[in-house]
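Engineer: Model the placement of chains B, C and D on the given structure of chain A, informed by the hints.
The primary structure of each chain is shown beneath.
4 protein chains.
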Amino acid sequence: MIYFQCDYAEGGHPSILKRLVETNLEQTTGYMTDEYCSKARELIKKAVGKDNADVHFIAGGTQANLIVISSVLRPYQGVISVCEGHVAGHETGAIEATGHKVLAIAGKDGKLRAEDVDKYIYDHYENASFEHTVQPAMVYISFPTESGTIYTKAELEALKAVTKKWNIPLFVDGARLGYGLASPECDITIRDMADIADVFYIGGTKCGALFGEAVVINWEPMKKDFRYNIKQRGAMFAKGRLLGLQFETLFTDDLYFKITRHAVEQAMQIRNAFQDKGIKMFGTSSTNQQFPILTKEQKAVLDKDFVSEVWGETEDGKIITRYCTSWASTDENVKKLIDAIKSL
Amino acid sequence: MIYFQCDYAEGGHPSILKRLVETNLEQTTGYMTDEYCSKARELIKKAVGKDNADVHFIAGGTQANLIVISSVLRPYQGVISVCEGHVAGHETGAIEATGHKVLAIAGKDGKLRAEDVDKYIYDHYENASFEHTVQPAMVYISFPTESGTIYTKAELEALKAVTKKWNIPLFVDGARLGYGLASPECDITIRDMADIADVFYIGGTKCGALFGEAVVINWEPMKKDFRYNIKQRGAMFAKGRLLGLQFETLFTDDLYFKITRHAVEQAMQIRNAFQDKGIKMFGTSSTNQQFPILTKEQKAVLDKDFVSEVWGETEDGKIITRYCTSWASTDENVKKLIDAIKSL
Amino acid sequence: MIYFQCDYAEGGHPSILKRLVETNLEQTTGYMTDEYCSKARELIKKAVGKDNADVHFIAGGTQANLIVISSVLRPYQGVISVCEGHVAGHETGAIEATGHKVLAIAGKDGKLRAEDVDKYIYDHYENASFEHTVQPAMVYISFPTESGTIYTKAELEALKAVTKKWNIPLFVDGARLGYGLASPECDITIRDMADIADVFYIGGTKCGALFGEAVVINWEPMKKDFRYNIKQRGAMFAKGRLLGLQFETLFTDDLYFKITRHAVEQAMQIRNAFQDKGIKMFGTSSTNQQFPILTKEQKAVLDKDFVSEVWGETEDGKIITRYCTSWASTDENVKKLIDAIKSL
Amino acid sequence: MIYFQCDYAEGGHPSILKRLVETNLEQTTGYMTDEYCSKARELIKKAVGKDNADVHFIAGGTQANLIVISSVLRPYQGVISVCEGHVAGHETGAIEATGHKVLAIAGKDGKLRAEDVDKYIYDHYENASFEHTVQPAMVYISFPTESGTIYTKAELEALKAVTKKWNIPLFVDGARLGYGLASPECDITIRDMADIADVFYIGGTKCGALFGEAVVINWEPMKKDFRYNIKQRGAMFAKGRLLGLQFETLFTDDLYFKITRHAVEQAMQIRNAFQDKGIKMFGTSSTNQQFPILTKEQKAVLDKDFVSEVWGETEDGKIITRYCTSWASTDENVKKLIDAIKSL
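Protein chains in written order, with our numbering: chain A, 375 to 718; chain B, 375 to 718; chain C, 375 to 718; chain D, 375 to 718.
Same shape as in the complex, but just chain A (with noise of 0.2 Å):
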């Protein structure tokens, strides 16, 4: 069986493993104070063209959520996100587990839309009971959205434009940022995009790495004792090396961006592949996930040698199917499907 249900099925990228064994018995200091961390922050620092931000490295996108939004909020703040977002349905409640309410609001397309988010708050403010509901005091998207979407440059910038009129922190969420900057409908860089946010993630767990997402910090408040919220949430790495090694090497030779470029590329043939057999796309996904929908028939016929994710059905029985690729997905495999389709 050929997996193409999810971005993190695999181990890490080659290069990465290399390096792992190549540095496994030297000696380090611990919990990120290390060698590879402060080279690892400084190739991110340069590539996202921000000398003074802060970067630190987390194991995984729940505890980077948790993390940064519960060093931020007031106890009876709370944090904005589109319905649909990670942090709203798909983490058990960890936002609210650190004490705060994710303030959900109706999106399009799974993005949150500049002129709700300002209508929200605008409205809080205004209620003569405001002191009764959650002040909201950041916003959370992500880059792509759950649902392969992406934000334009335009987009981007009202949301910013929104939350620094409200003085608050706008945050993204980026466990896939590879993935959504290389989609051809994608207008931004990295750079814009550490422009942008006040406090955003590179995801390595999809994106290559075996694990770990790097913090990239703009907003003042938030830089001062970060490292006392990332103990107590757990997330000190002892050997954090172990991510500092792994995003030297992302940040090497534009690996980080390579990987994820030629994982888009596939997801772009494959798109193709079902619409040239008249297959509808669930949304508009530019980016390595992709949502056909399909017959019962067809998914069967797919899922003898292929294995994607339900994601949801329609109101006329088809199946909304999930199939990812990942800088993982070889060419080989991607032909298989691609020939599979054209089959069917």
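Each hint should be verified, as a subset may be incorrect.
Copies of the same chain are indistinguishable here, so a pair counts whether it falls within one copy or spans any two.
[Stated by the list, open to error] Cross-link-like lysine to aspartate or glutamate pairs, in silico, EDC-like; alpha carbons within 16 Å at most:
| hint | residue 1 | residue 2 |
| --- | --- | --- |
| 1 | 692 | 677 |
| 2 | 482 | 520 |
| 3 | 709 | 679 |
It is worth saying that the hints were derived from the structure and are not from the lab.
Structural biologist: Chains B, C and D alone, transformed into the frame defined by chain A:
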């Protein structure tokens, strides 16, 4: 100015004040271990027909809600509420501050529907990623609802059947319980409520007391150690006798039921006055809160003598306005309001 | 039986009851936005000599403690308290339930020593693993202490100097503030307290009110949004006027100071009676709580007519017993107790 | 420079690296549902002799501690730990951040004594104000302790008897379990540990793995829904296979036990070298951590070639210094250190 703005504009029923004065210099033990609390507990258990219930007194509704809910849930569990539920939107994230997500579901007329709750829980366990989402483990409703509507006995029994099926408690916020039971549309008694709810509270603050809610617990696992929760959340009232004495008074000679019934009768007269005038009501409240939809001109006229609360605005620019009666509303003031309505 | 067991055995001062009755049917707005609260705030600000202070009313001491502390601390920060501090041991982990560790330090006579606090904070930042330990970010003391002792002005100023040095607030729990200020050993006024404490509260529950504590905030960062915290923790009293009215009464004609001074004078008479009898006192309380060390025989005699509280046991089997006076203690009852002591 | 500073200075055991490389491009399901995790679970259950245990993998020790503890306790409950316990002082309040107080008790040689625990719990329930204090509901120890000492089997069984008497779980933090079991003073096996502990974890991070702890649960109420807790706290490792594969390797051919035994033998040689030189040791560690009390001169000499960690200072100005061996310490480096000690 005459207030119809809310049901907590005055102090407490004169019988309560009288008892407070009479007993003021008596010496009792603290923390709800006194005789007045014991007596009040007995009267309430008799009134609700549950010898084995545990009864606790808590000063306010938000406290009662957060203590009850957090005493039951495990960290990864949440409470289901209708979107308009008080815990979902009007307590500044009090439930989230105890670590739990409020799982908001759309309802009808402000009421949760049993089939929606059942489907929500069913879907949770069916989902392949169920462990990545908050486990629904309690159902919260209020009786009457925020907008004054009333669950029928059949609706309550259907909700109870669902919670029983999933073995989770049904919690009824009865901040305005007295007004709900006095509604002409209400087909249950307080004994029915005690049969159906696994835990509920009898609102005092809005129904004749200076302050205080009586929590009635039937759900066995909640009974053990409940007082620790009360203390931890800052609700272990030092002079608990003040709570006991108020509920003793309210549950002597059916005072609680008499005064809330009178307020609802007044509210019905006010509703009829609006309707006779061709003014439409927002929603279908049959309790002490009434929501006429007024033109700005109509509102301006009434505002000269009567304080009300803006509840919302209709698309055509009319104002949804709340008029509340309470145990303290005088027939004289109600007559003045009705006369003013008639003269619109 | 005559109670000297605690200082919350009776209701409230008759002047308060009188005012409650007089104003009972007046209509006011809710949630501490009424005239009585405004008036009480003005009276308190005048009494403490701080025009710019913010004053909030909260029903009980544990609530006040947990709201004040959690409103200030970041997630990884804790509050320093002497080991015997109320927040350290007698509130069922109320502070921890808001996510914060109470950093307990040994004191002397129930009092924190400035040099110990300074050393504790200094050591924190000197430690190579400082990020692996809770950051001390507030100092909590009570005045008087749990065992009735009194900080001198010099001791308070030394604590203030340390907290100022580290730029963290000094919080004074004044649940029995009135009795502390009335102590013959007290060398400060309430104005001094307001000069020294960054935030403190004036205890009402034990000092003449039915219930209620008045929190006085001088620390600027705490002022913003404090009412959200009050609401979130369930302490936004619906009929806030009840709190305002009580403090208005207590701060009219120095009632608060007169009644607590009288109680302390009674306590001193009781202490003298014990000492005249050759009975040793536990600790050096000069406030309304007195702790004679009684033989079992002595206690048995006094227990016939007087209720007291067991505080502990000495190694030679004697019983440390607490006798409390309060604003409600009558001279007649005090005389009876003294006569009983004399006849031991 | 040669590091003896800690036991996490290197990467992972070469066998683990080898397996990571071999399996890197295999496709597996995520979140610990893969074959490697299954295999590792089976190997661990066999090694500990518990067919019915549940085994979960968590990336780090603080995470394991906070997840295990918060999964068991009700909001008003706390966990008993010796004052020096890791959860009591070295995790930035991670347990408090989940809402629970760590109830710190003085021990002996870094170990909790069963009779002290029993008395503490007994006293809690005997206290008239028991509801005003945190209810002890779990006992936490580490094996070996923070300072490298070892509980005897008799001591462990005594603790177990106490926890069983009070019906609360005994939780053993085994971050250095391998080194503890390899101590010449250790009189238990890992099977004994699994018989005694209601829940414990087998430390990987410090004992050969790149990272990872294997939590073994015998306590029935913890088993249900444990994975929700893992997800909520951000510890649901996407590529769980990395954890499974490491523990599979460590529990194949007794690798875990062989490498930790070797490290302890090295530590014993180092200890002997210090003692032969007349240098006293701090405490009685018989595990991989050794704490010689060095003069400043002695330390300066050793510091030329060897990195160690300052643990404390004696009153006469000597320095308690920690030297750690680990699975990665080479005999060559150990010999160099011993030679240096001899030449002091």
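Engineer: Which of the stated hints cannot be reconciled with the structure, identified by number in ascending sequence?
Structural biologist: none
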